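Just so you know, the protein sequences line up as chains Y and S, in that order. Numbers 1 to 323, taken from my numbering, label the letters of the first sequence in order. Numbers 1 to 323, taken from my numbering, label the letters of the second sequence in order.
There may be inaccurate statements among the hints.
Claimed, not checked - Below, computed lysine-lysine pairings styled on BS3-like, alpha-carbon distance capped at 30 Å: (1) S:Lys298 x Y:Lys140; (2) S:Lys269 x Y:Lys202; (3) Y:Lys202 x Y:Lys149; (4) S:Lys269 x Y:Lys220.
Since the hints were made in silico from the structure, they are not lab data. Given the structure is predicted, the values throughout are model-derived calculations rather than measurements.
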Amino acid sequence: MSVPLLSIRDLTVRVGPSQNAPVIIEDVSLDLQPGETLGLVGESGSGKSTLGMSILRLAAPPLDKGTSGSIIYKGRDVRKLSNRNLHTLRGGEISMILQDPMASLNPVFSIGAQLKEALRRVPSHRDLDGAAANALAEVKIPSPRSRLKSYPHQMSGGMRQRIVSAIALAQTPELLICDEPTTSLDVTIQYQFLELLAELQKAHHMAMLFITHDFGVVAKTCDRVAIMYAGQIVETGPVREIFHNPRHWYTRALLASVPRTDEKPARLPQITGAPPSVTRRPSGCRFHPRCEAASALCSTEPKFEIVAEGHALRCFHPAGGGA
Amino acid sequence: MSEPVLSTRGLGRVFRVRGHDGPAELHALSEIEITCHPGRSLGVLGESGCGKTTLNRILLALDKPTTGEVAFRGKALGSLSRREMRDYRRSVQPVFQNPFSSLNPRMRVKHIVAEPLVAATGMSRADIRARVAEVLSAVGLPPEDGERFPNQFSGGQRQRIAIARAISSSPQLLLLDEPVSSQDISIRAQILNLLKELQEDFGIGSVFVSHDLATVRFMCDEVIVIYLGRIVEHGPVGKICETPDHPYTRALLAAALPADPDRQEAGIKPIGEIPSPLDPPAGCAYHPRCPFARDICKAERPRLTDPGDGSQVACHMTHAKDW
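Start from the sequences and build out the full structure, keeping to the hints where you can.
In structure tokens form, the structure reads like this:
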């Protein structure tokens with residue numbers, strides 16, 4: 001395999017520098033190749049958003065102070081960058097799209113002003129208005145020139161999210177972090193936004209880290225997927241492998257519990273209990289109190305082990321095995 | 001079939017609003033006909049702005065329709081006596097989307113669950129206490145939890161409390177407004193199974209509002225699809241989820257992304273934005289987004305008619321059969 005664009009090693013994030021502080025992310029390692037899309041799936045409180053924020057050093061200061069491990073982007077450790085270098089990294093090389101476009105956009109500035117703020121950082125742009133109109137046209141906003149004068153409240157949710165992506169792509173980043181970008185959108189609008197993202201990714205040769213809780217979205221957009229539970233990555237692998245041959249019991253149970261349009265079972269397979277809160281995570285395998293295959297061994301810490309090409313998991317009793 | 005609990009005839013709701021140029025009329029709902037039988041679940045499928053919330057409010061008698069009427073056991077709501085109205089309130093109970101806002105944080109769980117009993121039945125205190133313990137265990141919570149406050153519970157447990165409240169007065173109909181969309185994925189199956197179990201065990205009917213075809217498939221027997229306040233398709237759940245006729249339902253089917261990277265996408269790719277209900281397109285409201293639209297679709301509103309299999313579709317082209 002080629003050199004990864006982003007390589008995270010043993011990332012642990014605590015709330016503050018003390019060793020006893022609650023742990024949000026624990027021992028996370030992952031690689032992202034240029035141009036590929038990695039899905040990061042987890043429930044609320046699993047640490048998936050904190051992971052996205054930590055890559056850009058945007059996590060809240062106590063979390064930033066409580067971070068250990070390395071985040072290597074193109075050979076440089078993001079955690080050791082000076083503020084000036086971080087400034088050019090953010091938005092320039094690594095960009096981000098968040099869940100709620102209304103919260104990402106400033107309501108008192110026009111779309112054009114907010115877009116040009118990002119475009120101005122690219123020295124080659126002489127005609128900012130023209131570049132802004134082109135950027136809007138790329139995300140398929142109709143009559144882009146006149147739209148530059150519009151304000152966020154004059155647009156629909158789907159359009160706002162497209163504006164946010166235009167801003168995110170203004171400096172042609174190589175990595176785009178998407179944190180649940182479609183959760184606030186209607187389903188028919190979500191579909192179109194995902195298609196647009198895939199097109200933009202191809203045109204710009206970007207890698208994407210796609211944070212979501214929706215397996216349908218992962219199946220449609222991602223090449224590889226990592227499943228997070230209680231701050232750890234419990235399983236990771238190529239999308240097909242994970243969907244057809246999930247080995248971790250959490251992944252397996254979660255996939256089985258999703259309703260389908262082509263089946264009407266009498267009951268859905270369900271996972272008992274609820275995900276643990278950050279301060280009450282169990283020891284050993286974090287999932288063992290809810291796991292049907294748990295044994296006494298599971299209250300000790302399982303290792304993250306590779307079971308097949310690119311497929312790794314953290315489990316003492318992996319399920320299945322056959323293809 | 002048994003006598004319907006609730007039915008609507010020609011239901012419409014028009015709001016008078018201030019538009020861009022003077023007062024305007026917003027047609028939130030038009031000509032809605034639904035029938036709810038005990039023990040059967042009716043799905044209401046639609047995206048934002050389709051009038052789901054208005055329909056729910058009218059069915060709960062929190063709002064009055066501008067045209068048409070809601071009938072409770074065959075009798076119009078407007079003509080019910082106080083006593084009958086009390087019986088109506090007891091018999092039709094809601095579960096809302098977000099249990100963080102639908103439970104009063106200052107009330108103990110036992111008081112929350114007892115509220116419908118106190119308000120709409122003449123039960124004695126001792127009977128109410130016994131009933132509260134009974135419904136709490138029916139939703140999978142220990143009766144001691146009655147002494148606690150909502151903030152001591154997780155999202156999934158809170159939704160169980162909301163469900164306990166809804167079933168405490170032995171209703172015949174539950175109005176379920178996206179009851180799982182605010183829940184974590186590992187909790188969704190639990191709540192859906194619980195709702196289905198309760199409906200089967202107690203023979204309760206339901207109106208299940210959702211935007212997700214897969215959830216509707218699991219929960220419902222029959223489905224109406226609403227677009228901009230009008231029913232565009234109505235039929236048994238199997239037909240709506242597998243071989244829908246209306247182009248909008250087919251777009252919803254494509255947008256319900258399957259959790260399987262190899263399954264071929266069904267339906268038709270959705271295009272375009274949801275128009276403002278203040279300025280709905282003439283003719284068929286879906287025509288600007290419809291790949292099959294012809295001249296007649298822009299001029300004339302299609303009526304709900306039977307395409308030949310006992311279901312109902314409002315589409316010129318479905319009946320023309322030449323596309």
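Are the Cα positions of Lys202 of chain Y and Lys149 of chain Y separated by 30 Å at most?
Holds, at roughly 29 Å.
Need the status of pair Lys298 of chain S, Lys140 of chain Y: alpha-carbon distance at most 30 Å?
Between Lys298 of chain S and Lys140 of chain Y the Cα gap is close to 24 Å, so the pair holds against 30 Å.
Quick one, are Lys269 of chain S and Lys220 of chain Y close enough, alpha carbons at most 30 Å?
Satisfied, since the Cα-Cα distance of roughly 13 Å is no more than 30 Å.
Is the hinted pair Lys269 of chain S and Lys202 of chain Y satisfied, with a Cα-Cα distance of at most 30 Å?
holds, 20 Å
Checked against the numbered hints given earlier, this structure breaks none of them.
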